[in-house]
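A.B. asks: Each chain, written out:
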Amino acid sequence: MSHLLDVENLWVKFPTRNGVFDAVRGISFSLGRERLGIVGESGSGKSMTGRAVLQLIRKPGRVEADRMEMNGTDLLGASDKAMRKIRGRHISMIMQDPKYSLNPVMTVGQQIIEALRTHEKVSQAEARKRALEMLDAVAIRDPERVMGLYPHEVSGGMGQRIMIAMMLIPNPEILIADEPTSALDVSVQLQVLEIMDKLVKDRGMGLIFISHDLNLVSKFCDRVVIMYAGRIVEVCEASKLHEAKHPYTQGLLNSVPDLVHPRPRLEVLTRDPAWREAPSVSALL
Amino acid sequence: MSAIDINALNVWFGEGDDRNHAVKNVSLKIAKGESFGLVGESGSGKSTVLRTLVGLVDDWDGRMEVDGKVLGRKRDGAFYKTVQMVFQDPYASLHPRMTVDQVLSEVLKLHGFKDVNDRVNRLLEQVGLGGGFRFRYPHQLSGGQRQRVAIARALAPEPRILLLDEPTSALDVSVQAEILNLLTDLRAEFGLTYLMVSHDLGVIGHMCERIAVMQFGEIVEELDVENMRKLSATHAYTKHLLESSLGSVR
Numbered sequence: 001m002s003h004l005l006d007v008e009n010l011w012v013k014f015p016t017r018n019g020v021f022d023a024v025r026g027i028s029f030s031l032g033r034e035r036l037g038i039v040g041e042s043g044s045g046k047s048m049t050g051r052a053v054l055q056l057i058r059k060p061g062r063v064e065a066d067r068m069e070m071n072g073t074d075l076l077g078a079s080d081k082a083m084r085k086i087r088g089r090h091i092s093m094i095m096q097d098p099k100y101s102l103n104p105v106m107t108v109g110q111q112i113i114e115a116l117r118t119h120e121k122v123s124q125a126e127a128r129k130r131a132l133e134m135l136d137a138v139a140i141r142d143p144e145r146v147m148g149l150y151p152h153e154v155s156g157g158m159g160q161r162i163m164i165a166m167m168l169i170p171n172p173e174i175l176i177a178d179e180p181t182s183a184l185d186v187s188v189q190l191q192v193l194e195i196m197d198k199l200v201k202d203r204g205m206g207l208i209f210i211s212h213d214l215n216l217v218s219k220f221c222d223r224v225v226i227m228y229a230g231r232i233v234e235v236c237e238a239s240k241l242h243e244a245k246h247p248y249t250q251g252l253l254n255s256v257p258d259l260v261h262p263r264p265r266l267e268v269l270t271r272d273p274a275w276r277e278a279p280s281v282s283a284l285l
Numbered sequence: 001m002s003a004i005d006i007n008a009l010n011v012w013f014g015e016g017d018d019r020n021h022a023v024k025n026v027s028l029k030i031a032k033g034e035s036f037g038l039v040g041e042s043g044s045g046k047s048t049v050l051r052t053l054v055g056l057v058d059d060w061d062g063r064m065e066v067d068g069k070v071l072g073r074k075r076d077g078a079f080y081k082t083v084q085m086v087f088q089d090p091y092a093s094l095h096p097r098m099t100v101d102q103v104l105s106e107v108l109k110l111h112g113f114k115d116v117n118d119r120v121n122r123l124l125e126q127v128g129l130g131g132g133f134r135f136r137y138p139h140q141l142s143g144g145q146r147q148r149v150a151i152a153r154a155l156a157p158e159p160r161i162l163l164l165d166e167p168t169s170a171l172d173v174s175v176q177a178e179i180l181n182l183l184t185d186l187r188a189e190f191g192l193t194y195l196m197v198s199h200d201l202g203v204i205g206h207m208c209e210r211i212a213v214m215q216f217g218e219i220v221e222e223l224d225v226e227n228m229r230k231l232s233a234t235h236a237y238t239k240h241l242l243e244s245s246l247g248s249v250r
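So the protein lines, in turn, are chains A and B. Going by our numbering, the letters in the first sequence line up with residues 1 to 285, in that order. Going by our numbering, the letters in the second sequence line up with residues 1 to 250, in that order.
Read the hints as simulated data drawn from the structure, not as lab findings. Ideal Cβ placement from N, Cα and C applies to all residues, glycine included. Keep in mind that the hints are not guaranteed to be accurate.
What the hints assert, rightly or not - No more than 30 Å apart at the CA atoms, straight line, and that leaves these computed lysine-lysine pairs for DSS-like:
| hint | chain 1 | residue 1 | chain 2 | residue 2 |
| --- | --- | --- | --- | --- |
| 1 | A | LYS99 | A | LYS198 |
| 2 | B | LYS114 | A | LYS201 |
| 3 | B | LYS69 | B | LYS29 |
| 4 | B | LYS74 | B | LYS114 |
| 5 | A | LYS129 | A | LYS201 |
| 6 | B | LYS109 | A | LYS99 |
| 7 | A | LYS99 | A | LYS129 |
| 8 | A | LYS219 | B | LYS109 |
| 9 | A | LYS219 | B | LYS230 |
| 10 | A | LYS121 | A | LYS81 |
| 11 | B | LYS74 | A | LYS240 |
| 12 | A | LYS240 | B | LYS230 |
| 13 | B | LYS24 | B | LYS109 |
| 14 | A | LYS201 | A | LYS99 |
| 15 | B | LYS239 | A | LYS99 |
| 16 | B | LYS81 | B | LYS109 |
| 17 | B | LYS24 | B | LYS74 |
| 18 | B | LYS81 | B | LYS29 |
| 19 | B | LYS74 | A | LYS198 |
| 20 | A | LYS201 | A | LYS240 |
| 21 | B | LYS109 | B | LYS74 |
| 22 | A | LYS85 | A | LYS59 |
| 23 | B | LYS69 | B | LYS114 |
| 24 | A | LYS219 | A | LYS240 |
Claimed, not checked - Here are the simulated distance ranges between beta carbons:
| hint | chain 1 | residue 1 | chain 2 | residue 2 | range |
| --- | --- | --- | --- | --- | --- |
| 25 | B | ASN20 | A | GLY61 | 26 to 34 Å |
| 26 | B | GLY62 | A | ASP142 | 31 to 39 Å |
| 27 | A | ASN71 | B | PRO96 | 43 to 51 Å |
| 28 | A | ARG271 | B | ASP115 | 33 to 41 Å |
Pulled out of the complex, with its shape left as it was, chain A reads as follows (with noise of 0.2 Å):
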C-alpha cells in the first residue's frame, strides 16, 4: 500500500426526528504524500469528513463505509482503545480555534510534553528538549519563556503555533488541518501556514487542509476537493483550479472580491438542484 489513507464510499449520519441527516454522502477519496485540500461553504461536510477519518464523530451519529484505511490498518473496525493509539501518534488534528483547542489550565510546556510521552517513552528531560526544539520550530521566539505560560496569556497566532507544535512532536504521518487559520488576523495567517507547509514537508507527511478559502487551499495544497451538500462535485489539481469546470466550484471563484481586479457587482451563486442529486466524484488515486 503506498497511499497514507485511503476511504471508500464514506456516509456520516445523524438520525433526527424527522429521519437520518447524511453529513457525508458517500465520498471516496485517498491521500498519498501529498497536500489534500477539502474546500466547500459551511455545511458541505467538509469538517466531517475529517472527523469521521479519526473516529471523532459523537453519538448518535454514525460513520459506514465499505473502506477505510490508514496504511493497510483498518479505522473502521478498531476499537477505542486502538484509536487512542492511532490518534496523535499516526494521525493528527489542528483544530479551527486555539483558544477552545488548548487545555486551559495547564502550560503550554506541559501540554507540549504531555502530546510526546503519551505516545512514546521519553523522560521528563528528554521531553523537555524536544518541546524546546518544536517550539523553536515553529518561529516562537524565546520557547523556555513560552513553555511557563498558559494559553490565555499567548495571542491568537501563536496559540495556533503552539498548536501546530503540539501535535507535530510525535511525528505523525497524516496532519489534518481544519480551518487552521481562520480565527487569525490576515497578517498571521501567511506566516502560520507557511510554517505548517515547511514542517509537512520536511517530515514527508500527508496533509489534508480543510478550508472554506478557495484562493488559500490552491497555494498550499498539491491536489482540491470540493465538497457540495456531503458530496465531492469536483477534483482538480490545486495550479489548474481557475480552469475548474463545475459551475459551483467557478461560482465560488467569482463570488471573491478582488482587490486588484475590482467589479461592479459581486457574481452570485445560483445553485442548481441537480448538483446536490449528481453521483460523488471519487478522489481515489
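Please build the complex by placing chain B on the supplied structure of chain A, with the hints as guidance.
C.D. replies: Frame of chain A; chain B shown alone:
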C-alpha cells in the same frame, strides 16, 4: 459639511493601572454619500471607533460631529434616526426569542412610525427576504438571512449613515457576495454614507473609496482605493497588510 467628522478621539478601557489606551488621537472626515473603510488587525481599535461613535463606550474625549451636530455624552433619538449600526455576528445580534416581525416593529415603534405593518413588509422586500420570513425566529434563518434581518433593522429608522462592523466576516464567500451586493444596492438607492470596518482588504477594496489603516489604536495611513490597488502605500504596516492579503486574493 461632512457626514462624520471625528477629531482627536481618544478612548480608554479599564481603570487605574489597568487603564488601556485603546484609541489614540484618531481623526476622520467622511463626506456625505462616501463609503469609508477602517482596516487593521484585531485589537487595533477599529471597532472601538464605531462603538464610541454610537455611544456604546463612555470613557472618551475629543470631538465628534455627525451631520454638523457635535455629539455629547448622551445620544438622543434624532441621532439614531441618522446613524445605525450593523454588527459582526448575526448569530449574536438578534434576540433569540423575538420574531423578525417583533425585531423590526420594535425599532419602528421606538422611532414613532405609524404605518408599522406596511413598513415591515417594505423593509423585508428591500433586503430581499419577502413576507414569508416575517414571522420566523432567528434560529429558523441561515447566517446570511439573519444578516439581512440585521440590515433591515438598521434601515428601519431611515438613517443616512450606516456603520458596518465586519458585516460579512461570519459568512461564507458565496453568501458574503450576496450581502455585499445588497449593501451596494442600498447605498445607491438611498444615498447612504458607509463607515465600514473589516480585516479583509478584498472586501474593503470592493466596497469603499477611501480607507484608513489602524495599528495599536492609531491611524497609521489614509489612502484611496486606487493607491491601494497599485499597492503604493508608504507605511510599512500597510505594505505588509496589502502583501499578505494579496496572498489570499487572486
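A.B. asks: Now tell me if each hint is right for this structure.
C.D. replies: The hints, checked one at a time:
A C-alpha spacing of about 24 Å is found between LYS99 of chain A and LYS198 of chain A, which places the hinted pair at or below 30 Å, so the restraint holds. Pair hint LYS114 of chain B plus LYS201 of chain A does not hold up; C-alpha atoms about 66 Å apart against a cutoff of 30 Å. The straight-line distance between the Cα atoms of LYS69 of chain B and LYS29 of chain B is roughly 14 Å, inside the 30 Å bound, and the hint therefore holds. Between LYS74 of chain B and LYS114 of chain B, the direct Cα distance comes to roughly 26 Å. Compliance with the 30 Å bound is thereby established for this hinted pair.
For the suggested pair LYS129 of chain A and LYS201 of chain A, the alpha carbons sit about 23 Å apart, so the restraint of at most 30 Å is met. The suggested pairing of LYS109 of chain B with LYS99 of chain A is violated, with an alpha-carbon distance near 41 Å, which exceeds 30 Å. At most 30 Å may separate the alpha-carbon atoms for a hinted pair to count; LYS99 of chain A and LYS129 of chain A meet this at roughly 25 Å. For the given pair, LYS219 of chain A sits about 51 Å from LYS109 of chain B by alpha-carbon distance, which is inconsistent with the 30 Å threshold.
For the hint linking LYS219 of chain A to LYS230 of chain B, the alpha-carbon distance of about 22 Å falls within 30 Å, and the restraint holds. For the given pair, LYS121 of chain A sits about 18 Å from LYS81 of chain A by alpha-carbon distance, which is consistent with the 30 Å threshold. For the suggested pair LYS74 of chain B and LYS240 of chain A, the alpha carbons sit about 57 Å apart, so the restraint of at most 30 Å is broken. With a CA separation close to 26 Å, the supplied pair LYS240 of chain A and LYS230 of chain B stays within the 30 Å bound.
Restraint check for LYS24 of chain B and LYS109 of chain B: the C-alpha separation of about 38 Å exceeds 30 Å, so the hint is violated. In summary, the hint linking LYS201 of chain A to LYS99 of chain A is supported, as the alpha carbons are separated by about 27 Å, within the 30 Å threshold. Between LYS239 of chain B and LYS99 of chain A the alpha-carbon distance is near 29 Å, which keeps this suggested pair within the 30 Å criterion. Using a Cα cut-off of 30 Å, the hinted pair LYS81 of chain B and LYS109 of chain B holds, with the two alpha carbons roughly 12 Å apart.
Taking the CA atoms of LYS24 of chain B and LYS74 of chain B, the gap is near 22 Å; set against the 30 Å cutoff, the hint holds. The hinted pair formed by LYS81 of chain B and LYS29 of chain B meets the criterion: a straight-line CA distance of about 20 Å does not exceed 30 Å. Distance hint between LYS74 of chain B and LYS198 of chain A is unfulfilled; the C-alpha atoms sit about 54 Å from each other, more than 30 Å. For the suggested pair LYS201 of chain A and LYS240 of chain A, the alpha carbons sit about 21 Å apart, so the restraint of at most 30 Å is met.
The suggested pairing of LYS109 of chain B with LYS74 of chain B holds, with an alpha-carbon distance near 21 Å, which does not exceed 30 Å. For the given pair, LYS85 of chain A sits about 21 Å from LYS59 of chain A by alpha-carbon distance, which is consistent with the 30 Å threshold. Taking the CA atoms of LYS69 of chain B and LYS114 of chain B, the gap is near 27 Å; set against the 30 Å cutoff, the hint holds. For the suggested pair LYS219 of chain A and LYS240 of chain A, the alpha carbons sit about 11 Å apart, so the restraint of at most 30 Å is met.
Checked against the hint of 26 to 34 Å, the pair ASN20 of chain B and GLY61 of chain A fails, with Cβ atoms roughly 44 Å apart. The supplied range of 31 to 39 Å is met by GLY62 of chain B and ASP142 of chain A, whose beta-carbon atoms lie about 38 Å from each other. The given range of 43 to 51 Å is respected by ASN71 of chain A and PRO96 of chain B, whose C-beta atoms sit roughly 47 Å from each other. In this structure the supplied range 33 to 41 Å holds for ARG271 of chain A paired with ASP115 of chain B, their Cβ-Cβ distance being about 36 Å.
Violation of the numbered hints given earlier is confined to hints 2, 6, 8, 11, 13, 19 and 25; the remaining hints are satisfied by the structure.
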